[in-house]
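Peer 1: If you want the building blocks of each chain, they are given just below.
Protein chains: 2
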Amino acid sequence: MLEDKNQKPLNELEELGEFGLIRHLTQNIELKNKSSVKGVGDDAAVLDYKEKKAVVTTDMMVEGIHFDLLYTPLKHLGYKAATSNFSDVYAMNATPKQITVSIAVSNRISIEALDELYDGILLACEIYGVDLVGGDTTSSTSGLIISITAIGEAEEKELVYRSGAAENDLICVSGDLGGAFMGLQLLEREKQIFNENPTVQPDFSGYDYVLERQLKPEPRKDVIDMFREIGVKPTSMIDVSDGLSSELIHICQQSKVGCTIYEDKLPIDIQTITAAEGMNLDPTVCALNGGEDYELLFTVSLDDYDKIKDQRRVSVIGHITSDKGIYQLVDKSEQVHAISAQGWDAILKKS
Amino acid sequence: MLEDKNQKPLNELEELGEFGLIRHLTQNIELKNKSSVKGVGDDAAVLDYKEKKAVVTTDMMVEGIHFDLLYTPLKHLGYKAATSNFSDVYAMNATPKQITVSIAVSNRISIEALDELYDGILLACEIYGVDLVGGDTTSSTSGLIISITAIGEAEEKELVYRSGAAENDLICVSGDLGGAFMGLQLLEREKQIFNENPTVQPDFSGYDYVLERQLKPEPRKDVIDMFREIGVKPTSMIDVSDGLSSELIHICQQSKVGCTIYEDKLPIDIQTITAAEGMNLDPTVCALNGGEDYELLFTVSLDDYDKIKDQRRVSVIGHITSDKGIYQLVDKSEQVHAISAQGWDAILKKS
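Read top to bottom, the protein sequences are chains S and V.
Here the first sequence is numbered in my numbering, starting from 1 and rising by one per residue.
Here the second sequence is numbered in my numbering, starting from 1 and rising by one per residue.
Don't take every hint at face value.
No more than 25 Å apart at the CA atoms, straight line, and that leaves these computed lysine to any residue pairs for SDA-like [as the list claims (entries may be wrong)]:
| no. | chain 1 | residue 1 | chain 2 | residue 2 |
| --- | --- | --- | --- | --- |
| 1 | V | 324 | S | 19 |
| 2 | S | 221 | V | 48 |
| 3 | V | 233 | S | 39 |
| 4 | V | 52 | S | 159 |
Computed far set for chain S versus chain V, every beta-carbon distance over 12 Å [claimed, not checked]:
| no. | residue |
| --- | --- |
| 5 | 139 |
| 6 | 196 |
| 7 | 199 |
| 8 | 303 |
| 9 | 305 |
Note that these hints are calculated values from the structure, not bench results.
Idealized CB from N, CA, C, for every residue including glycine.
Just chain S, with the same shape it has in the complex (with noise of 0.2 Å):
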């Protein structure tokens, strides 16, 4: 954890300079995609797609909003930074090729914990076959500030919008909902009693999945790989960052439809279902309107169902209505309910 390793020289990183640090981060990259022809170094990276669309997309990470240093190994916090620009790209059903990486770093923090930083962004990229052609570095007079873009490549026919969802069409969701929220809930609780009482060891055990959701989670690039060898093409996509519930309104709004879901057929880990309860949270709740979970929600005519619905990664969990601007959730008692983009935000600032 990062407080360790405060105690460095103040200057350790004036010391190396903007371009002695650069160097060091970025010293064993070596070039995977053929599309990274230049990579560090130059004013800019260059690229080559060829007749491929390229996608670009890019998200910022600030301390103190987006992750807790206390909680948040710099490893993970990296990986994770890399893994979510990833998702975003998979969400158009494209494949990540490139990130650039801009950070910064208040002169407190040592060498040895950005390297642990780029550790992780580079494992990310190592697994998920991205090269990382470029950014920048600077001073925060705060906390840490990661910027990443990735670009990423697909076929045009391939691409998938948020805007071809269809009346009928099914809603799919991959993996399981609302574990990153509650693995946050964990780390929040297990903070407070450590500020409380700092001799009290964190109690996890048991909440291993819903931590790792929360600290390292994997984009979906399995279930873009899926799509092409059970040949279906969604008709739109979202990563889940935000939350079902806003993600879900994101696609029906681009659409113009509406859309049912049902309760019963939301995807719960049998972990957050416990750490919920053991909270006093409703997990459907957390399903619904917990974010990061880095899953991908997607569309998919009603001529797929067969091809999609022995696949275990995914749950189709309602359909696409002409309703426009009507998002209902079916309980298990079959009352109906609105959904509201409520999202990741609303939910934190009432627990």
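Position chain V against the provided structure of chain S, taking the given hints into account.
Peer 2: Frame of chain S; chain V shown alone:
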């Protein structure tokens, strides 16, 4: 200026929400470039560079490090945040086509202030023919952070790297140097006077040019256009963001050569000289080490001398030598000095 707007209710941004804010800031954007297939509003933007190469560059600007909102109008700040990235693209002999913009802002900032920032970014985009295609907005626990990624295009054979300088090549620089640095010194001086006595009005008379160099730098698209017109392709190129010395050493290191430049050839505007002398600074040191001029430093083959020598935008300041690692300045009394990569940070600390 920002302070007048900090009186707004604390939760103005919260009320609008992230998606509302993005919609508000991007509602009037119309894509202009053929390569911009899809802009803001999906998981990623989609670009089509066809047979051309894409170049990608990114920069992060942090309040308190790169800018001071006390004397930086937000529209200028947005303009500079965009144009400093365009400058990196031009330094590849490429043309910027798209940007993504990520900002972290404290709740204290008003929507009007963010509108001004975006007005500046979008004005730069309009003037330089660039599309804003994506981004991220998030909260900041402290000041304003802007991270911009610019993407541009070039034919492969047009691209100019830092590594192509060869013995006897002429070293050239566009425009003039040291102005942006002196503009910053003047602003800092007036800030100090203001802090000591807020009733004193700032006195910038006669310094409009150096102030504009600092607050609203223009990247040298015209120089790139000139290369096409006169049929010159530089052998190496970099933009002057950290200072002439630092950039020259980058070119020499990557090209594995040395250089000799001449003090009496350095282009320095009369306002820069007057401002420097008024503050007991050596104008040559300001030109060598002052950053943020966003001029282009490049080398051309000796064979191109006739084409370049009468271009009013360009000064020939020296030549490349085979003495790898030897970087020399010949001063006005023909004394030879070693050039060090002092750059901008170093001289700022001294001042």
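Peer 1: Does each hint fit the structure? Answer for all of them.
Peer 2: We went through each hint and held it up to the structure:
| no. | hint | result |
| --- | --- | --- |
| 1 | 324/V with 19/S | 19 Å, holds |
| 2 | 221/S with 48/V | 23 Å, holds |
| 3 | 233/V with 39/S | 22 Å, holds |
| 4 | 52/V with 159/S | 20 Å, holds |
| 5 | 139 | 5 Å, violated |
| 6 | 196 | 23 Å, holds |
| 7 | 199 | 29 Å, holds |
| 8 | 303 | 24 Å, holds |
| 9 | 305 | 25 Å, holds |
Taken one by one, the earlier hints fail for this structure only at number 5.
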